[in-house]
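S.K.: Listed below are the residues making up each chain.
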Amino acid sequence: MARGFPRRPKEGDFSSPLRSAAVAARVGLWLGVCFGIAFLTGLYSHFSQDTPPWLTLPTRPVNLYRWTQGLHVLAGTAAVPLLIVKLWTVYPRLFARFPAGRRDLVLTGLERGSIAILGGGSIFQLMTGLQNTAQWYPWRFNFRGTHYAVAWITIGALLVHIAVKLPVIRAAFGSDVEARQPSDRAVTAERSAGLSRRGLLRATWLASGVAVLTTAGIAVPALRRVSVFGVRSGSGPQDLPVNKSARAAHVTARALDPSYRLELRNGNTVRRLRRDELLALPQAARTLPIACVEGWSASARWSGVQLRDLLAIVGSSADVDLVVRSLQVGGAYSVMDLPANFVRDDDTLLALGLNGEDLSIDHGFPCRIIAPARPGVLQTKWVASIEVAR
Amino acid sequence: MTSELVGRGVVLLAGVVIGLFGLLSLLRLGLSNLAWTLVWMVGGILGHDVVLSAATLGLVAAGALLLPSSARAPSAVGLVVLGTVTLMAVPVLGRFGERPDNPTLLDRSYGVGWLVVAGIVAVGVIAVTVVAHRRGPGSEGEDG
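Those protein sequence lines, which keep their order, are chains W and D.
Terminal number for the first sequence in the numbering used here: 726, no gaps in between.
Terminal number for the second sequence in the numbering used here: 1631, no gaps in between.
Examples of chain W residues lying across from chain D (beta carbon under 7 angstroms, computed):
{"id": "1", "residue": "ILE459"}
{"id": "2", "residue": "MET463"}
{"id": "3", "residue": "TRP475"}
{"id": "4", "residue": "THR482"}
{"id": "5", "residue": "LEU495"}
{"id": "6", "residue": "VAL546"}
{"id": "7", "residue": "VAL564"}
{"id": "8", "residue": "SER569"}
{"id": "9", "residue": "ARG583"}
{"id": "10", "residue": "ALA584"}
Keep in mind the hints are simulated off the structure, nothing from the lab.
We treat Cβ as the ideally placed atom computed from N, Cα and C, and that holds for glycine.
Bound-form chain D, shown alone (with noise of 0.2 angstroms):
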């Protein structure tokens, strides 16, 4: 028990001097630099915290209220996957980065690309929610 405490102790002090070695180098790009980190590091905690959390519990709330019991895993499922894929994929959907000198960047159709995995995604809820629902109430989240 001590011998565990001691490595805890051991990790905790080492993770405070690499995490002051990152405030250090982080304050060496200047007060502006800094403010900007900042901005942008509250903002995402904010869009998070408030935005995404509550948009994903008005889902849910909905999904509750809206689909049949032998629905809400699979489409809990599907909420997971699409959502989180939709997200990572937000800087290539938006085309934010795109520049007329550089055909060869952005040089995909993203909004088709996103129809066909939210279709396949789309698909295989309907199909896990119709077998779920053969096979009877009793087994709803069993499996997801």
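Bound-form chain W, shown alone (with noise of 0.2 angstroms):
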């Protein structure tokens, strides 16, 4: 390798046995599983963020969205060390020289885009995930709208790739991972002079197992101390983290403000109730999760007032749209929609309460929603009014 160095590596450089078909088709099947759980999870926490009309979602399990998102997550980091060791395996495969004849110039042109595009999307899937999980923004592009088209392209080029190189993953899983390979390049090795290729599937596979336990504390209780890496402990103001403070939100002087009345809006009929008024109401208590979009949950102990003790107000029953509204003014989720079979659940509550104590003002003072198996970004803080959808 080191001989003759700047120019430009050949395939023929790699001779390690270890890049081979045998090992990248055994570490690329669990790529490929950990790329379509976080595919069908990602496709569930978008539809629960954006629900189309003719879609309705489930309340229960109350931990649904809570595991959903965790395990999009996870799959996501344990995707990290195999989407690694992958690349490396065919590496040398950048170097290929194309054939001369040109329709084999043409089809061999066209399987390199789509790897060009896997791998790009690949890379950048786990890459931005990542980076949103710990609230890292740096680029300029819309991340929940770019993250799921580039799903999109990814899973698409994963199945060309699959369609294209199912006979070498059969032969590779049809034979001992050390035999040589028909696949296997001229200048491959008989031997590693160090680790064997199931040394490698097994340092992969350890690999994945650290970067799950290190960060899986954020949804799974049990694992928060050995998960040092994971973006939140779980503590916080009453024993629950926070996602968005209300200095952020720049909302801390409208929640605090001594006139605040929630808005209750029926078509014409309006009502304005100050918070000891909500507190006078029939209370109820409920333990639910907090489950954000960037994996971590927590659950918590909530009390408040049933939605449809608040529409009765109204002279509405509960089995209506309603829009709900922040005192935070602008952001993507200022704005919420809460669908009618939510709005009937038992669970839903405006919660004035949390863990015994007066709703913290970054927990949402004066009151939020709290609705069983939603997105966190959705159970809307410092709600200003609550109106029945027309």
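Using the hints, put the two standalone chains together into the complex.
M.R.: This is the structure we're talking about:
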């Protein structure tokens, strides 16, 4: 390798038997499983945040979104070592010569093109996903829309890749991982000087396991102590982490204003209630999770008014869609649509208290929405008004 | 054989359709969004294919020169585990998303956490090397 270095490397420069279809197929299988899980749970999250009118999402189990989104982030985390090893095993292919014939040239060009899209999309998805979990936004594209679009592109390219490579994949799984394959390059050494193929596979599984274990505490409370790279330890005011503070949302003054009134609106019927009037209504208590799109989640005990009791005040049944507005001005989540099946659910509250205390300002004082099985960004804080949708 | 060809054709076609749907969704976000997406995507590819790959080749070459043969396989395992996990942890290690108004975000000592993980990996690599060395040169590369 070092000989003649700055010349461009050739495929034949790489002689390690670890860079083989035998390893690539086995790592690729699990990478495909992780991408499949991330894609499906990602779609679920996308439709939870942007539910089309024809779709009704379940309100049970109450932890559903906590599980799907935890799985989404952990599948992506597990995929990081898998992707890096997968790309390493096929790296020599990057320097392969193009064939001479025009037809072969076109086919090879198409195949390489689809692999460039697959590789670029895979790196992009894992990179932006991980950055998003740590709320690091150094880019100038719309994260949610772009992560969603590139997910479809990447899964499409993955299917093309599987269709093209199926014979190689079958051959790889059809023989022992250490055995020489027809797809091995002529220069491939018989034996590795260090690690065997099996050894590399075990190292890769170990790395994926360590990656998951050191982050899973964000969603699995039992793992909080070992998850040294978890983006949140699970602690916070009133024993619950905060995603967006009152200061960041610029609502502190309006939320603490003594003249605050919650506005309830059903057509022309409007009622405005002070917080102490809300506290005088029948109160219910529920244990429900905050489950963030960034994968972290934590359960808490909420107390407040059931939405059906609020709607009765303005003469509406609970069988309606609602529009909930926050005191927060602007921002993607300052207005939230609450579908009827969540409105009539016994567990959906306008929360006034958290873990036995008054709701703190960063958790949404004077009142917030808490509903089962919903993404955290839709558990609207600092509620200004609740309106029956027309 | 033909049914397999048909099956592969269906999967390939499904992949093209799904990919085009994604491309359309991406285009709908506007040209500026597309341009920035491409910048980050190409940046990611170059970051891997040039920077990370060259660094890995350099590390492996250095290991081959400096490490005794019984240490090579365990060190390679250590590199795979610590290298990939470190990359995965870059966003928290750098604390890039930290905000003064929200102490519940990035509320761990990530540097200390990394040292603990690196320490465990190092101890594992040394322990396996010593065992492999005692077993003699005949067993090198057998397991990892």
